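Okay, here's what each chain looks like letter by letter:
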Amino acid sequence: MKIIKQIGIIFSICWVSQVVEKLLSFTFPASVIGMVLLLLCLLTGILKIGHIQEKADFLLSNMAFFFVPAGVSIINYFDILKSTAVQLVIICTVSTVITFAVTAWSVKYTMKLVNKMAQKKEKEHC
Amino acid sequence: MEEIVYSPYFGIALSILAFGIGVKLHQKWKTPLYNPLIVAIVLVAGILLLFKIPYEAYNVGGEIINMFLAPATACLAVAVYSKLAILKQYWLPILVGCTAGSGASMASVYAMCRLFHLDESLRVSLLPKSVTTPIAVSVAESAGGVVPITVVAVIFTGILGSIVAPLLIRLFRVSDPVAAGLAIGASSHAMGTSKAIELGEVEGAMSGLAIGICGMITVLLSLLIL
Numbered sequence: 001m002k003i004i005k006q007i008g009i010i011f012s013i014c015w016v017s018q019v020v021e022k023l024l025s026f027t028f029p030a031s032v033i034g035m036v037l038l039l040l041c042l043l044t045g046i047l048k049i050g051h052i053q054e055k056a057d058f059l060l061s062n063m064a065f066f067f068v069p070a071g072v073s074i075i076n077y078f079d080i081l082k083s084t085a086v087q088l089v090i091i092c093t094v095s096t097v098i099t100f101a102v103t104a105w106s107v108k109y110t111m112k113l114v115n116k117m118a119q120k121k122e123k124e125h126c
Numbered sequence: 001m002e003e004i005v006y007s008p009y010f011g012i013a014l015s016i017l018a019f020g021i022g023v024k025l026h027q028k029w030k031t032p033l034y035n036p037l038i039v040a041i042v043l044v045a046g047i048l049l050l051f052k053i054p055y056e057a058y059n060v061g062g063e064i065i066n067m068f069l070a071p072a073t074a075c076l077a078v079a080v081y082s083k084l085a086i087l088k089q090y091w092l093p094i095l096v097g098c099t100a101g102s103g104a105s106m107a108s109v110y111a112m113c114r115l116f117h118l119d120e121s122l123r124v125s126l127l128p129k130s131v132t133t134p135i136a137v138s139v140a141e142s143a144g145g146v147v148p149i150t151v152v153a154v155i156f157t158g159i160l161g162s163i164v165a166p167l168l169i170r171l172f173r174v175s176d177p178v179a180a181g182l183a184i185g186a187s188s189h190a191m192g193t194s195k196a197i198e199l200g201e202v203e204g205a206m207s208g209l210a211i212g213i214c215g216m217i218t219v220l221l222s223l224l225i226l
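In order, the protein sequences belong to chains P and S.
This note's numbering numbers the first residue of the first sequence as 1 and each following residue consecutively.
This note's numbering numbers the first residue of the second sequence as 1 and each following residue consecutively.
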């Protein structure tokens with residue numbers, strides 16, 4: 001019964017998020033609305049982590065499996081893949097390196113700034 | 001013969017079997033190249049092509065598996081919630097880093113797509129490629145992208161990121177574990193995170209947080225530009 005209840009909670013959140021998606025005037029993916037709703041429920045204490053722990057662990061730890069059918073549908077798109085494979089590889093590789101560098105640097109400088117401000121505060125306190 | 005493969009059990013059983021083989025291979029050779037999802041996709045696609053089984057037949061079961069994608073995405077909230085303490089401690093660097101990283105990822109993909117003259121549907125398929133599969137797929141789908149292309153690009157990025165992460169850390173001289181973890185998570189989502197966990201506890205936690213945060217930021221950014 002415990003697992004059934006957890007499935008019930010998570011599926012209810014998913015259904016509500018589909019309703020919200022329909023009500024919104026712009027396109028916002030329902031699954032991400034579900035994620036925000038669930039986070040809000042946890043933060044506000046409406047749901048306790050124990051209410052969904054096992055089901056969430058099951059879904060998160062098997063996440064990759066749920067993408068098998070989506071990936072297999074690539075067989076319907078072999079033409080696109082064949083004609084653009086080289087470009088796709090270049091785009092993915094270059095942008096991965098750029099994303100890594102930009103994130104690392106921006107975090108580094110933000111941390112420096114935060115530390116400086118903290119030191120300043122400390123000095124003022126002294 | 002037709003009715004046999006059009007059963008939902010066929011597609012589900014085949015997917016689980018193929019994924020199980022992928023997991024076994026991954027456990028035996030611990031290389032990111034034997035990614036269970038890639039192995040499963042190749043095996044299932046191979047069997048469908050070999051036995052001339054129509055994709056529609058496989059997808060009777062496939063659609064049932066697809067149904068679990070939304071709940072699985074929602075549960076990323078649990079992953080973020082369980083790291084709330086460090087999120088509070090480092091909220092500013094996390095927010096700045098993930099926003100800059102997601103923006104850089106989308107901008108560089110957009111620029112290169114223009115450079116290679118790729119069409120609109122391919123462009124929106126690739127734009128969210130640095131974030132975790134469920135969010136990338138949702139973004140691409142609602143913008144009219146080709147979902148399987150997104151899946152392939154996301155997995156390729158993840159595998160690449162998990163292989164080159166230690167190299168990039170040295171190349172860009174990232175000495176701070178918080179910066180390293182966030183950079184890995186922002187550039188190569190969950191697959192990179194498995195590498196970040198090997199590098200250290202702080203790296204792993206930061207990388208894990210970056211998955212959810214970058215995902216949400218990418219959705220917001222895509223709303224602005226699509």
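Treat the hints with care, since some could be wrong.
[Said to hold, decoys possible] Not everything, but these chain P residues come out facing chain S in the computed CB check (under 8 Å):
id: 1; residue: Ile9
id: 2; residue: Ile10
id: 3; residue: Ser12
id: 4; residue: Pro29
id: 5; residue: Leu38
id: 6; residue: Ile52
id: 7; residue: Leu59
id: 8; residue: Ala64
id: 9; residue: Phe65
id: 10; residue: Ile91
Hints listed in this document are in silico derivations from the structure and should not be mistaken for laboratory results.
No experiment lies behind these values; they were computed from the predicted model shown.
The beta-carbon is built from N, C-alpha and C at its ideal position, and this holds for glycine as well.
Each hint tested on the structure:
1. Ile9: violated, 10 Å
2. Ile10: The hint holds - P/Ile10 has a Cβ within 8 Å of chain S, the shortest such distance being about 5 Å.
3. Ser12: Since chain S brings no Cβ nearer than about 10 Å to P/Ser12, farther than 8 Å, the hint is violated.
4. Pro29: holds, 3 Å
5. Leu38: With Cβ-Cβ at 4 Å, under 8 Å, it holds.
6. Ile52: holds, 7 Å
7. Leu59: holds, 4 Å
8. Ala64: Given a least distance of 4 Å, the restraint on P/Ala64 holds.
9. Phe65: holds, 5 Å
10. Ile91: holds, 5 Å
The structure shown violates the earlier hints numbered 1 and 3.
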